[in-house]
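K.L.:
Fit chain Y to the supplied structure of chain U, relying on the hints for placement.
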Amino acid sequence: AQSVAQPEDQVNVAEGNPLTVKCTYSVSGNPYLFWYVQYPNRGLQFLLKYITGDNLVKGSYGFEAEFNKSQTSFHLKKPSALVSDSALYFCAVRDPLTGANNLFFGTGTRLTVIP
Amino acid sequence: DGGITQSPKYLFRKEGQNVTLSCEQNLNHDAMYWYRQDPGQGLRLIYYSQIVNDFQKGDIAEGYSVSREKKESFPLTVTSAQKNPTAFYLCASTLSDRGYRDEQFFGPGTRLTVL
Chain U
21 AQSVAQPEDQ VNVAEGNPLT VKCTYSVSGN PYLFWYVQYP NRGLQFLLKY ITGDNLVKGS
81 YGFEAEFNKS QTSFHLKKPS ALVSDSALYF CAVRDPLTGA NNLFFGTGTR LTVIP
Chain Y
39 DGGITQSPKY LFRKEGQNVT LSCEQNLNHD AMYWYRQDPG QGLRLIYYSQ IVNDFQKGDI
99 AEGYSVSREK KESFPLTVTS AQKNPTAFYL CASTLSDRGY RDEQFFGPGT RLTVL
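Going down the list, the sequences are from chains U and Y.
The opening residue of the first sequence carries number 21 in our numbering; numbering runs sequentially from there.
The opening residue of the second sequence carries number 39 in our numbering; numbering runs sequentially from there.
Excised from the complex, chain U in its bound form (with noise of 0.2 Å):
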C-alpha cells in the first residue's frame, strides 16, 4: 500500500530565512514524488515533480526538494521565505507498480512566514 506522511500541521518561519516542509513516503516500487501548494479557497498548484534522475528537483517559485531513497523522504525547501509563500502545501505520491494513476495525498503542512 502507499502512504504518504507529512509529519508537521504548522510550519513557522521567518521572512528571508530557509524554509523546510517535511514529508515520507510507503511505497511498494519506485516512487513518483510531487508537491502542490493551495492557498484559500483555490484548487491545487503544480510545484515539482520527483521521477527519476538528479535527487534535487527545482520547481516553481524558487521551490526545490531533495529525494532520498534511504530516507523515504521528499522535504521541501526554500533558501528565503516569502511573506506570499504562506499557504497549505501537500505532498503526493504514486507507485506505477500499482497500475493505477492516481495520486496519494499528504494531509497537508500549513506554512506560515512571519514578516
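Hints were generated in silico from the structure; no laboratory data involved.
Everything numeric in this text was worked out from a predicted model, so none of it was measured.
All C-beta atoms in this analysis are idealised placements derived from N, C-alpha and C, irrespective of residue type, glycine included.
Among the hints, a few may not be true.
Unchecked claim - Dumping the calculated DSS-like pairs for lysine-lysine here, alpha-carbon to alpha-carbon at most 30 Å:
(1) Y:K95 - Y:K47
(2) U:K69 - Y:K95
(3) U:K69 - U:K89
(4) U:K97 - U:K69
(5) U:K89 - U:K78
(6) Y:K95 - Y:K109
(7) Y:K47 - Y:K108
(8) Y:K47 - U:K69
(9) Y:K109 - U:K69
To be verified - Sample of chain Y residues facing chain U (criterion: CB under 10 Å; computed from the structure):
(10) Q44
(11) L81
(12) R82
(13) L83
(14) R106
P.N.:
Relative to chain U, chain Y alone:
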C-alpha cells in the same frame, strides 16, 4: 486559456437533496478525477475516469455518482445517501491514464455546505 473550470464556486444544499457539481476541462486530457478535501485530512479520491464512458470508484465513493459522456466533462452528483457531504470538492485531470510521470491539474474547487 486552457484549464479546468468548476461550478458553482459555492453551493448550499438542504438535507435530502441531490446536487451536481460541474467539472469541465479544455486540456484534451483523457483522465479526470474527483477529490474531497476536509480540514486535516488532505485529499481523498472519490471517483476517477480514465476514458469516456468509463469510471472507477475511489476510496470514498459511497453516496456519490459520476458520469463521463464527453471527454471534456466529468460531473459529480452528491446524493442524499452521502452522510456528511459538507466539504471542498476538487476536480483534476491528467493527459493520460497511463501518464504516471504527469502531474495532475486541478480546478478551483466547489465548496458544498449542507444546511
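K.L.:
Of all the hints given earlier, name the ones this structure violates by number, lowest first.
P.N.:
Structure breaks hint 14 only.
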